[in-house]
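Participant: Next come the chains, spelled out residue by residue.
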Amino acid sequence: MGDKRPAETLDGTPVTMAEGSPPPTAFLEVRDLRIHFPTDDGLVKSVDGLSFRLERGRTLGIVGESGSGKSVTSLGILGLHNRRNAKVSGEIWLDGQELVGASPEEVRRLRGRRMAMIFQDPLSSMHPFYTVGDQIIEAYRVHNDVSKKVARKHAVDMLGRVGIPKPERRVDDYPHQFSGGMRQRAMIAMALSCDPELLIADEPTTALDVTVQAQILDLIRDLQEEFNSAIIMITHDLGVVAELSDDILVMYAGRSVEQASVQDAFHRPLHPYTWGLLGSMPRLDRERSERLLPIKGTPPSLINVPAGCAFSPRCAYAELNEGRSETERPELAEVEPGHRVACHLPLERRRQIWETEILPKL
Amino acid sequence: MVSTPQTGAETSPAAGTGVSAAQAARPERGGEPLLAVEGLGKHFPVTAGLLRRQVAAVKAVDGVSFAVHKGETLGLVGESGCGKTTTGRMIMRLLDPSFGRITFEGTDITGLSQRQMRPLRRDLQMIFQDPYSSLNPRQTVGAIVGAPFRLQKIQTEQGVKKAVQDLLELVGLNPEHYNRYPHEFSGGQRQRIGIARTLALKPKLIIADEPVSALDVSIQAQVINLLEDLQDELDLTYVVIAHDLSVVRHISDRVAVMYLGKIVEIADRNDLYAEPMHPYTNALLSAVPIPDPDKRKGRERIRLSGDVPSPLDPPPACRFHTRCWKAQEICKQVEPPLVELRPGHHTACHFPENAPEGATELVAKAAAERDEAAATGEPVTLGEAKGGVRKV
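Respectively, the protein sequence lines represent chains A and B. Quick note: the first sequence uses UniProt numbering, first residue 1, plus one each step. Quick note: the second sequence uses UniProt numbering, first residue 1, plus one each step.
Honestly, the hints are just simulated from the structure, not real lab data. Treat the hints with care, as some may be off.
What the hints assert, rightly or not - According to the in silico footprint, chain A covers these stretches of chain B (three or more CB under 8 Å from chain A):
no.: 1; segment: 180–192
no.: 2; segment: 219–228
no.: 3; segment: 272–285
no.: 4; segment: 366–373
From the three backbone atoms N, C-alpha and C, an ideal C-beta is built for every residue, glycine too.
Kindly produce the complete structure, drawing on both the sequences and the hints.
Facilitator: Given below as structure tokens:
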């Protein structure tokens, strides 16, 4: 571990470039990603036109409720959707290589080595029949031509690195012999075993207790400093995002409604859905509010996404647009440097609503 | 009071309209508690060998005591495996306690049989965590919410259907959805169906086990607000079991913190969150991620190392000493009793934080008194229950 190699030279695969599209400048760039699932009930548009970029050493927090398309996006980047069931279009550029049009074999070679994933529930995403060590060794040997002995030593190293006590003994344990927090550490060890440049963490701490969550978040933060990897942190917990992320992407019904630096997103959010999320949370760092301010209604079905702005049926300010929200879909527009929002309300009005109506009640 | 179905059989005078909801919402703490738990414990046997001999016991709950007054909400927090759910299930008598006593409205219900418990089930109800597995997928909403009437053989004035529709309306669902099946509803709506069923018989005490943890943030807030409204309207008393400290602070009047089967701290909500005394409570609070990027730096954090020890073989004396940064020799030898260090604020720690002068001496004195009482076989008073009433 630790031998930082230049990305392309050991890769073996030539850098592919789709013709016509301008070369991306960011380490990871997602352009107009659409992931649709045809079902008997209709077309499920899980992700419907998502674009974002991410640099190395930075963390992007993707926030949204269940069914907003966060996890589908992450599986899409890793190329884990079955092409027979899912229709994927758009572009995903990882360090100059396009992934949507790449062959499954090409993506498979990148997966695990240049990009890796930490799943939410380590008990169901680790194989119960193999020891933790075997599973890390397997992942390492797929991408590195080394003997079992070397790989095993590497696995022990990695387990020690993520803070598992007595790694040389625990490497032969089965997943069920680990506690929840240790299992998640082992999962992180596995994901990091090939020193990936892009790490996608899908709700990495949701299944964990709060004290263990704090340990895991510390670990992810330390490892990022060490490996300088780009991290996509998918979560529904705004607290976790505020702790760890540099930038935030708020998803609703398969689209991004707000993208901003973590400072802007928490101090000057400009989308009514982001306001709703902030108002729904009881907070420990403020005076206890008498009442929470929930968002009315429920998230839409992804088969019948409301026309116009998907959030308009739940939005308290939709009527201020004289019906425009119901007919015309707002596009993501840059309102300030680095702050993009998809909303029809005039910007000044939104700033005023945030200052006078939302912020005082939080 | 809102219009809820009249349960034909009046259960007790308190269920009537004698007390207005507003009055009852702020209870007088002095009176007799609605629910009192004393030295309650549950040990699950671990058996081995051909004869299934007991070789060990999982000490899931090991002597907890608390009281809940009418109209108040007690929050029970702790990490997984601390025994909070087991405690809730024992109060409901879904699990038989290994030892200790549960008193509901002055009646000892610890030893009651299933049959004797049945009339009490009207007053004691539970809201479950998972709205997917706690509703029968093959029954309509009408059948699910109407089941309590059927099981308790209660006649309603205008029929069960009307009663169920009133309940659906009360929890914010469309009464016309009476004939639909659970899978046609979202998670938040299902949780409302579960709440409607809980409310059917106008219970006095509701045990809510992680009522919102399976729900999305925006839906979670809706359900929390609903629970608060129902409490005001129907004069309910809640025991809310949850792991989310922010949610617990929002809905509870008093909060009990559990660690490895024991209550380590119990206090008024504001006291507990403003000046936590037990090191474990301090650690828990400091571990909660704060949704404010500016507070990322400079926040004093207590990082606990390791995992919670196994309840099969909990550490001796103070159970937290293996992970506590303040632990000294005494913590490994003498179990700190739960002592009232400030009015209404009880803590079980030899070296509490934010404590008044002389706290350590007070705790030592209480521990000595307890050990003396145990040695002479005196009955153990509320607050500490080492080797309490043991049922064989």
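Participant: Go through the numbered hints given earlier and state which of them the structure violates, listing their numbers in rising order.
Facilitator: 4
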